[in-house]
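Please take these sequences and the hints and turn them into a complete structure.
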Amino acid sequence: MVTAVSAMMSAETAAIMGSIDSVASMYMRTGKVMVCGEGSAAALAQYFASLFVGGFERERPELAAIALRHEGLGDPAYAGLARQVRALGQAGDVLLLLTANGEEEGLLRALHAAHERDMTVIALTGKGGGAVAKALRETDVHVGIPHDRAARIREVQQLALHCLCDGVDAQLMGDQDTLS
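In my numbering, the protein residues as written are 1 to 180.
Since the hints were made in silico from the structure, they are not lab data.
Take the hints with a grain of salt, since some may be wrong.
What the hints assert, rightly or not - The calculated lysine to any residue pairs, modelled on SDA-like cross-linking and capped at a C-alpha distance of 25 Å, are:
no., residue 1, residue 2
1, K127, H115
2, K32, A14
3, K134, T30
Said to hold, decoys possible - DEER-style ranges, computed between Cβ atoms:
no., residue 1, residue 2, range
4, R58, E105, 33 to 43 Å
5, Q90, A151, 32 to 42 Å
6, V53, D148, 30 to 40 Å
7, G92, A133, 18 to 28 Å
8, T13, G174, 14 to 24 Å
9, M17, E57, 14 to 24 Å
10, D175, D148, 33 to 43 Å
11, T30, R149, 35 to 45 Å
12, V53, T139, 20 to 30 Å
Cβ atoms here follow ideal geometry from the backbone N, Cα and C, with glycine treated the same way.
If you want it as structure tokens, here you go:
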């Protein structure tokens with residue numbers, strides 16, 4: 001894991017900073033973050049949304065965030081996430097995608113739906129990003145984790161999500177000298 005973390009931190013620091021800037025400026029305009037993944041990434045998406053709504057390491061007002069899930073929508077799995085993006089997404093919102101390989105049809109459809117809604121997409125991927133990375137626009141942010149093992153990718157994604165939470169809190173609430 002140490003190798004994956006150090007490789008990600010050196011290669012993707014600018015992308016993480018870009019993600020922080022995108023999300024913080026979106027919140028200043030009263031937008032929301034929608035986050036999704038499939039399989040184990042769906043659990044990570046739910047965790048991330050709970051950190052934005054409930055707070056990360058300090059008290060602050062709730063931030064609008066929702067983890068999208070396709071179960072129970074009556075649609076094929078690949079269509080449900082995109083339907084939610086089209087139903088809930090507004091211009092200026094952010095869609096955060098979590099994927100190890102970037103090849104999930106449901107995530108690709110959600111990405112295209114976000115672009116239809118004029119939303120910014122932030123993709124945390126591994127293995128080069130696959131089709132998701134290729135579908136990103138110049139205004140989107142790609143945080144590529146240079147690893148092939150899904151477990152290492154998920155570990156580094158969680159670290160990147162914590163950095164995103166901390167960075168957004170710092171931009172919105174000011175730097176915090178000490179943690180409680």
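We went through each hint and held it up to the structure:
no. : hint                      : result
1   : K127 <-> H115             : holds (23 Å)
2   : K32 <-> A14               : holds (22 Å)
3   : K134 <-> T30              : violated (29 Å)
4   : R58 <-> E105: 33 to 43 Å  : holds (39 Å)
5   : Q90 <-> A151: 32 to 42 Å  : holds (35 Å)
6   : V53 <-> D148: 30 to 40 Å  : holds (33 Å)
7   : G92 <-> A133: 18 to 28 Å  : holds (23 Å)
8   : T13 <-> G174: 14 to 24 Å  : holds (22 Å)
9   : M17 <-> E57: 14 to 24 Å   : holds (19 Å)
10  : D175 <-> D148: 33 to 43 Å : holds (36 Å)
11  : T30 <-> R149: 35 to 45 Å  : holds (39 Å)
12  : V53 <-> T139: 20 to 30 Å  : holds (26 Å)
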